[in-house]
Amino acid sequence: KQEVTQIPAALSVPEGENLVLNCSFTDSAIYNLQWFRQDPGKGLTSLLLIQSSQREQTSGRLNASLDKSSGRSTLYIAASQPGDSATYLCAGLGWSGNTGKLIFGQGTTLQVKP
Amino acid sequence: DAGVIQSPRHEVTEMGQEVTLRCKPISGHDYLFWYRQTMMRGLELLIYFNNNVPIDDSGMPEDRFSAKMPNASFSTLKIQPSEPRDSAVYFCASSHIEGAGQPQHFGDGTRLSIL
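Heads up: the protein sequence lines correspond to chains A and B, in order.
For the first sequence, position 95 (counting from the first letter as 1) is numbered 95 according to the working numbering, and the numbering increases by one without interruption.
For the second sequence, position 64 (counting from the first letter as 1) is numbered 64 according to the working numbering, and the numbering increases by one without interruption.
Chain A extracted, bound-state conformation (with noise of 0.2 Å):
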């Protein structure tokens, strides 16, 4: 059965800090690591989505990398903004049967003080 973990649960750096927000999987049959982004109130944003043969991702300050074998992801923001206050939950697609689902982590929930 396949767990998805994120350490720390909440993270508070100041404005400005490079910061890595971490994910680990154990069934490492994944067949794509997904990053969200969740303000309060509203539903999930897509971030990053790495397929399995992929190692890593990028859009503008954000990079996620993924390793099947260590069964980690990662998340790496750049130059962090208040605006990037938010949790952050990362997902793996894994297949059972013909059925595929997402199974997500509990998130970490990001402060970045101006």
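I should point out that these hints are in silico values taken from the structure, not numbers from a laboratory.
Since the model is a prediction, treat every value here as computed from it, not as a measurement.
Each hint should be verified, as a subset may be incorrect.
As the list claims (entries may be wrong) - Chain A regions said to be covered by chain B (calculated; three or more residues, Cβ under 8 Å):
hint: 1; segment: 42–51
hint: 2; segment: 104–113
Stated by the list, open to error - The calculated lysine to any residue pairs, modelled on SDA-like cross-linking and capped at a C-alpha distance of 25 Å, are:
hint: 3; chain 1: B; residue 1: Lys78; chain 2: B; residue 2: Ala88
hint: 4; chain 1: A; residue 1: Lys42; chain 2: B; residue 2: Met40
hint: 5; chain 1: A; residue 1: Lys1; chain 2: B; residue 2: Gln102
hint: 6; chain 1: A; residue 1: Lys42; chain 2: A; residue 2: Ala10
hint: 7; chain 1: A; residue 1: Lys42; chain 2: B; residue 2: Thr13
hint: 8; chain 1: A; residue 1: Lys42; chain 2: A; residue 2: Ser59
hint: 9; chain 1: A; residue 1: Lys42; chain 2: B; residue 2: Thr38
hint: 10; chain 1: A; residue 1: Lys113; chain 2: A; residue 2: Gly60
Unchecked claim - So the derived label-pair ranges between C-beta atoms look like this:
hint: 11; chain 1: B; residue 1: Ile5; chain 2: A; residue 2: Tyr76; range: 30 to 36 Å
hint: 12; chain 1: A; residue 1: Gly60; chain 2: B; residue 2: Glu44; range: 26 to 32 Å
hint: 13; chain 1: B; residue 1: Ser7; chain 2: A; residue 2: Asp67; range: 36 to 42 Å
hint: 14; chain 1: A; residue 1: Glu17; chain 2: B; residue 2: Ser58; range: 39 to 45 Å
Just so it is clear, CB atoms sit at the ideal spot from N, CA and C, and this is done for glycine as well.
Using the hints, position chain B against chain A.
Then chain B, alone, in the frame of chain A:
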């Protein structure tokens, strides 16, 4: 582009009442997902559809929960009778999966409170 649209945004009702949550997926998306989010359990997949057909409903907690997708542009999640432990935020998401997969697009959710 219109995103995934959910209604209502908030629902407060008394225990025992029927609750119906609605979702309009993004046009052209052939997968639709219903999730529930709580502080204790995080985000959990309840059920998902492909081309209006339910594929996996193993996450539906009890027979009190049912979901339908009568056409490609509309889905409902119904709870009857509702209980206080059903209080949560319910999200609908849609995607168009081809090849190696595409990200899911989420609605803003329905915050459900059962008194």
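A quick look at each hint next to the structure:
no. : hint                            : verdict
1   : 42–51                           : holds (count 7)
2   : 104–113                         : holds (count 4)
3   : B:Lys78 <-> B:Ala88             : holds, 14 Å
4   : A:Lys42 <-> B:Met40             : holds, 18 Å
5   : A:Lys1 <-> B:Gln102             : holds, 23 Å
6   : A:Lys42 <-> A:Ala10             : holds, 18 Å
7   : A:Lys42 <-> B:Thr13             : holds, 21 Å
8   : A:Lys42 <-> A:Ser59             : holds, 21 Å
9   : A:Lys42 <-> B:Thr38             : holds, 14 Å
10  : A:Lys113 <-> A:Gly60            : holds, 20 Å
11  : B:Ile5 <-> A:Tyr76: 30 to 36 Å  : holds, 33 Å
12  : A:Gly60 <-> B:Glu44: 26 to 32 Å : holds, 30 Å
13  : B:Ser7 <-> A:Asp67: 36 to 42 Å  : holds, 41 Å
14  : A:Glu17 <-> B:Ser58: 39 to 45 Å : holds, 42 Å
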